[in-house]
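Chemist: For any residue, its number in the numbering used here is found by taking its place in the sequence shown, counting from 1, and adding 99.
No wet-lab data here; the hints were simulated from the structure. Yeah, the Cβ is synthetic: ideal placement off N, Cα and C, and Gly gets one too. Any given hint could be a false lead.
Stated by the list, open to error - Each pair of labels, with its calculated beta carbon distance range:
1. 229 to 301: 50 to 58 Å
2. 466 to 405: 14 to 22 Å
3. 268 to 433: 40 to 48 Å
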Amino acid sequence: MSEQQEQDQSDKQKYEFRKVIEELKGYQGSGTQLVSIYVPEDKQISDVVAHVTQEHSEASNIKSKDTRTAVQDALTSLKDRLRYYDNTPPENGLVLFSGAFDTGGGRTDMVTKVLESPPDPIESFRYHCDSEFLTEPLEHMLADKGLFGLIVLDRREANVGWLKGKRVEPVKSASSLVPGKQRKGGQSAQRFARLRLEAIDNFYQEVAGMANDLFVADRHELDGILVGGPSPTKDEFLDGDYLHHELQDMVLGKFDVAYTDESGLYDLVDAADEVLAEHEMLRDKELMEDFFKQLHNGDKATYGFDQTRQNLNMGAVEQLLISEDLRKDVVAYTCENGHDEYELINSSAGTDDHECSRCGATVDADEGEREDAIDHLMELADQRGTETVFISTDFEKGEQLLTAFGGVAGLLRYSTGV
Numbered sequence: 100m101s102e103q104q105e106q107d108q109s110d111k112q113k114y115e116f117r118k119v120i121e122e123l124k125g126y127q128g129s130g131t132q133l134v135s136i137y138v139p140e141d142k143q144i145s146d147v148v149a150h151v152t153q154e155h156s157e158a159s160n161i162k163s164k165d166t167r168t169a170v171q172d173a174l175t176s177l178k179d180r181l182r183y184y185d186n187t188p189p190e191n192g193l194v195l196f197s198g199a200f201d202t203g204g205g206r207t208d209m210v211t212k213v214l215e216s217p218p219d220p221i222e223s224f225r226y227h228c229d230s231e232f233l234t235e236p237l238e239h240m241l242a243d244k245g246l247f248g249l250i251v252l253d254r255r256e257a258n259v260g261w262l263k264g265k266r267v268e269p270v271k272s273a274s275s276l277v278p279g280k281q282r283k284g285g286q287s288a289q290r291f292a293r294l295r296l297e298a299i300d301n302f303y304q305e306v307a308g309m310a311n312d313l314f315v316a317d318r319h320e321l322d323g324i325l326v327g328g329p330s331p332t333k334d335e336f337l338d339g340d341y342l343h344h345e346l347q348d349m350v351l352g353k354f355d356v357a358y359t360d361e362s363g364l365y366d367l368v369d370a371a372d373e374v375l376a377e378h379e380m381l382r383d384k385e386l387m388e389d390f391f392k393q394l395h396n397g398d399k400a401t402y403g404f405d406q407t408r409q410n411l412n413m414g415a416v417e418q419l420l421i422s423e424d425l426r427k428d429v430v431a432y433t434c435e436n437g438h439d440e441y442e443l444i445n446s447s448a449g450t451d452d453h454e455c456s457r458c459g460a461t462v463d464a465d466e467g468e469r470e471d472a473i474d475h476l477m478e479l480a481d482q483r484g485t486e487t488v489f490i491s492t493d494f495e496k497g498e499q500l501l502t503a504f505g506g507v508a509g510l511l512r513y514s515t516g517v
């Protein structure tokens, strides 16, 4: 599988996970009866089954009959699902959800979902029983990812590390030998000042060496570098060109942070929140700028479900742009005269009879084939070697993709006139 195919497969999996998470977040239990289980890949399935069995036994002590029955039914359902697996979970682990949710009027319905091989490894086993499903760990995995280098320093100490997605990883630290501003007796002021400047320079070189050792090898995967500390120190460090020249060019900003120990790395990420958010959307913005440029001054842009689908079928779409907030289904109809047509409808809407626009023949609703619109488009894109990109609505042109262009557009390889 090529790198592009792997990326498209990952994007599709993330979209499927997002749909399930949105569904799960809409469920509410009348008591603590919605069960969530996170299973890391090094956890034996037999151990998970034993844990579920133990929880089922302990649930018999729940005073409320309705809650007791709901929890035990959920655990029985999960236990049945676990029987389908060998003793080792899939790569990156397994997440299971089950429980009875309120449907109104005092009635409930049962749901059970199993998600295999999440985007990131599940770090530890977790059993959770509440009135809501525990989806936050999965949501963090699906958040925009990035790899950033972190440096915090003052004249006493320094720490360097990584920001991987939302996770800060401290890696290296150093303490300086820079003397205080008060000189010892017997030293001239000039000599003391010179020795102090030399010590500062040596320390900056040491910090740069740590950063270079850590970041240079991964510079092509790095999204940027953040530097923090008190104002004079970080300015001197960056202005002195201590960093490897390629790393120097990757510095996204410098930020005031009060601490330069490991906690300072976390403070740096908080201080750089706006810069990181802007960087996450950078590629989305560039693609939408290209789209609008082609729309106004070129002929290699398409938008709307029907036109984009036609261009996909011709193999003319280089990049398929889909709004992250698009929630539509597509219904395929074939009339009695053999005309194929597609209708885009809201995911929550019912399917209606369809009148063929070409011959006027009516197709009954139950004859239409319905599927998720994004799944439909991504399958076509995969067949034609087209890259699929999900566009955030957190900036103006991204919002316009959803509201003005139906949430679907494309940048073309060549003009088609469609």
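Chemist: None of the hints should be skipped; say for each whether it holds.
Modeler: Going down the list of hints, with the structure as the test:
1. Take residue 229 and residue 301: their Cβ atoms lie about 55 Å apart, and the range 50 to 58 Å holds.
2. Remark: the range hint 14 to 22 Å for residue 466 to residue 405 is upheld by a beta-carbon distance near 20 Å.
3. For the pair residue 268 and residue 433, the supplied restraint of 40 to 48 Å is violated, since their beta-carbon distance comes to about 54 Å.
Violated hint: 3 only; the structure is consistent with all others.
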